[in-house]
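Peer 1: The lines below spell out each chain.
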Amino acid sequence: MTLVTFWFAVLVVLWTGFLVLEGFDFGVGMLHGVVGGGEAGRRAAIRAVGPLWDGNEVWLIVAAAGMFAAFPGWYATMFSGFYLPLLLLLVALIARGVSFEFRGRRDGARWRRTWDAAMTGGSLLAPLLIGVALGNLLHGVPIGADQEYTGDLADLLNPYSLFTGVTFVLLCALHGATFLALKTTGGVRLRAVRTARRVAPLTVAAVLGFAVWTAVLADKGLPAWLPEVVAVLAAAAAAWLVGRDRDGAAFTATTVTIAMVVLSIFAGLYPRVMVSTAGSATDLTVTNTASSPYTLRVMTVVAAVLLPVVLAYQGWTYYVFRRRVGDLDVPAASDAGRG
Amino acid sequence: MSTVDLARLQFAGTSIYHFLFVPLTIGLAFVTALLQTSWHRRGRAEDLRLTRFFGTLLVINVAVGVVTGLVQEFQFGMNWSAYSRFVGDVFGAPLAIEGLAAFFLESVFLGLWLFGWDRLPRRVHLATIWAVALGAALSAAFIMAANSWMQRPVGYQLTAAGGKATLTDIWAVLTNIVFLWAYLHVLAASLVTGGVVVLAVSAWQLRRRSDPAMFERSARFAVVVLIPATMLVLFFGGRLGINETKYQPMKIAAAEGQWDTCQPCAFSVFQIGGGNNDPTPTKIIEIPHLLSVLATGTWNGQVVGLNELQAQYQQQYGPGNYIPNIFIQYWSMRVMAYLGTLVLLLSLWGAWLVWRKRIAGAKWFLRLAVWAAVLPFLMNTAGWMLTENGRQPWIVQGLQKVEDAVSPSVSATQIVISLSVFALLYVALAAVDAFLMFRFARMQLTPAAAGEDESPALHFTY
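Protein chains in written order, with the working numbering: chain A, 1 to 339; chain B, 340 to 801.
Among the clues, some could well be false.
Derived Cβ-Cβ restraints for the label pairs, each shown as a range [stated by the list, open to error]:
hint, chain 1, residue 1, chain 2, residue 2, range
1, B, Ser-750, A, Gly-279, 21 to 29 Å
2, A, Asp-107, B, Gly-577, 44 to 52 Å
3, A, Leu-153, B, Lys-740, 25 to 33 Å
4, B, Ser-759, A, Ala-9, 54 to 62 Å
For the chain B half of the interface with chain A, some residues (derived, Cβ under 8 Å), not all of them [stated by the list, open to error]:
hint, residue
5, Gln-411
6, Glu-412
7, Gly-431
8, Ile-436
9, Phe-443
10, Pro-620
11, Ile-623
These aren't lab readings, by the way, just hints derived from the structure by calculation. Quick reminder that beta carbons are idealized off the backbone N, C-alpha and C, glycines included.
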């Protein structure tokens, strides 16, 4: 395996890690109002991801910075070309990021309603926009000979990319619901299971549609369809498992589904990183956007040393906070923020 | 306005804003870690309450710091794609290392610290806040390494076609002398920021006579941190200045508005007029030799003037204006240095009061200390304006100009949209953050007896 291929694989791992981990945070953010059934339940739902979400979001920072370091040409074209969707993504991530910290710091129904809305809206918009962005990599956008994006906003709003965005939203919702079923107790858990059962059929249908559409777009032979096939099977398994008291298995199934959906986009792309609608001569590929071999070697050493350490302590966090959270675990009166 | 001006305005605005929070959170992370260590060692209840109190201020600001940092990372690609293509091979690596080595550490361990009060053994829990502080300090290190490369590019070569800078020596980038002094300067400035904020909050509480024993303790703690930190920030800044004279002489000449080469060179305390179109301002109080000392570290050092540098650069890089905005250079340097000195004087006054055991009742000192809270933020902003404005018109000194660095595919309309969105969003965030900070900082602490029975985790979490 060459260095550029290796770094393409690293980026696939980073994007997959981000969407698998932050995916359930997005889902919990979207659903906390639905599954809460009251302030105590909402707080229990948020509490379940409280210690984890910030570390999960770092996967996005590292994925973007990894693109910058390993494939500067890809990073430059994608981020400047997808300008307005990424602006909106930043707004969504800012809104939901601060709402985690701000919502509990003051008493008052209006205050909490405001931040609940920011959390719900931001958590819903973020996967939608990420789906649109990743979908466009494979769908293709106008790219000039100088690797610069030559299209406009309308070029980004094509049916495949929008469908990918919707699929991501449904996936994150289901993933968040199975996470809450696994990590909470009492009323929150019951409502999470109920929501999961409602969302699951829609999600399976979306994943099936996405899988077929992606396989057609990627236009590769049979072995390359493997991620799509596994994604559909895993989504179906998740739909079957929710509500059957198999919380761990259901969450595993949604995890596999998200991972395979992300993988199918990148597998469809390789060795391209951005398809050009102006013809394959202007496609961005792993080779024509990559950094020098020296930089990639430096980054390989850094990743080989640091990534296992990161995985170890992040894994340890999940172990520390393995206990389920119930409505009774959060204080009834909101005195949060008092020193 | 051109797309370049708009993109610059947006980057400058969002960076300055982001950097209000960065030094504050680095400083408060160390403050919180030191307070918790003191509690761990001596077991005094006040220390635990102070840990929680300043830890909560830390958490409120980390939230804003993290989300505005994400904007910075996206912006390189969104608005500066030509720059990203040109330098990505060199500049991307420190950013990626920052994410892997620092952001994960800071974010994951902040979650552990925040929610881990009753889940982790005390010693392990103490280690988590130190990991947060270490992560915060490390992230500044890598970002400063990247920025210092823009000030003084090292360890690279240009591709044959000249279209890209490629990394040839990562150690050269990480041992860049400009990086060394700039990083230490920023780290010390962060401690000053944290120290002043702790002092200001303590002074506020002491003026209201709420819990004087506890806040006298935190005021004392702040003074102990501030005296060495302020001295170091001035010293490191001085060393940085001397290196900038070597590698970016334009930056230093513009900070004095020194048009003609001089030896020895005097430093003007103030001036009336000045700027790029007024080479003969009225200088008020000139201190002989001081510019030589500041710029070269020697009594009679030579400082090359703007006219000579401009001629030299035109010969080297072709026609163009290579002189940065002198008004910004001249005054940002003075705001930074004068306010830094003011903070030092205030801390020395505080130290004298602590020594005489009179700090809790020192009316004038406390009144001033409350207002001193704005000083570090002005200093930090001025410092960045000095260093970034002084590099103009370059984005990477001597290699790429700002005007050649913007995204060709992004229109002025798009930047106007994003600029407006960020402006609205950031003003709203600032208002909420300030509201919560003030509200929290003024809040009466729960009485010690009742406070210790409760699980601390409840206070922190959502």
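Peer 1: Against chain A, run the beta carbon of Pro-620/B and see if the smallest gap drops under 8 Å.
Peer 2: Violated. Min distance 41 Å.
Peer 1: Could you check if Gly-431/B really has its C-beta closer than 8 Å to a C-beta on chain A?
Peer 2: 3 Å, holds
Peer 1: Using the C-beta atoms of Asp-107/A and Gly-577/B, is the stated range 44 to 52 Å upheld?
Peer 2: 49 Å, holds
Peer 1: Answer holds if the nearest beta-carbon of chain A is closer than 8 Å to that of Ile-623/B; otherwise answer violated.
Peer 2: 45 Å, violated
Peer 1: Minimum Cβ distance from Gln-411/B to chain A below 8 Å?
Peer 2: 10 Å, violated
Peer 1: Please check whether Ser-750/B and Gly-279/A have a Cβ separation lying inside 21 to 29 Å.
Peer 2: For Ser-750/B and Gly-279/A the Cβ distance comes to about 24 Å; the hint holds.
Peer 1: So, Glu-412/B near chain A? Judge it on the closest CB pair being under 8 Å.
Peer 2: Since chain A brings a Cβ to about 6 Å from Glu-412/B, closer than 8 Å, the hint holds.
Peer 1: Does 25 to 33 Å hold as the CB distance between Leu-153/A and Lys-740/B, or does it fail?
Peer 2: The hinted range 25 to 33 Å holds for Leu-153/A and Lys-740/B, with Cβ atoms some 29 Å apart.
Peer 1: Go through the hint on Ile-436/B and say holds or violated, using the shortest Cβ distance to chain A against 8 Å.
Peer 2: 5 Å, holds
Peer 1: Using the nearest Cβ pair, does Phe-443/B come within less than 8 Å of chain A?
Peer 2: 5 Å, holds
Peer 1: Could you check the hint for me, namely that Ser-759/B and Ala-9/A are 54 to 62 Å apart, CB to CB?
Peer 2: 40 Å, violated
The earlier numbered hints that this structure contradicts are 4, 5, 10 and 11.
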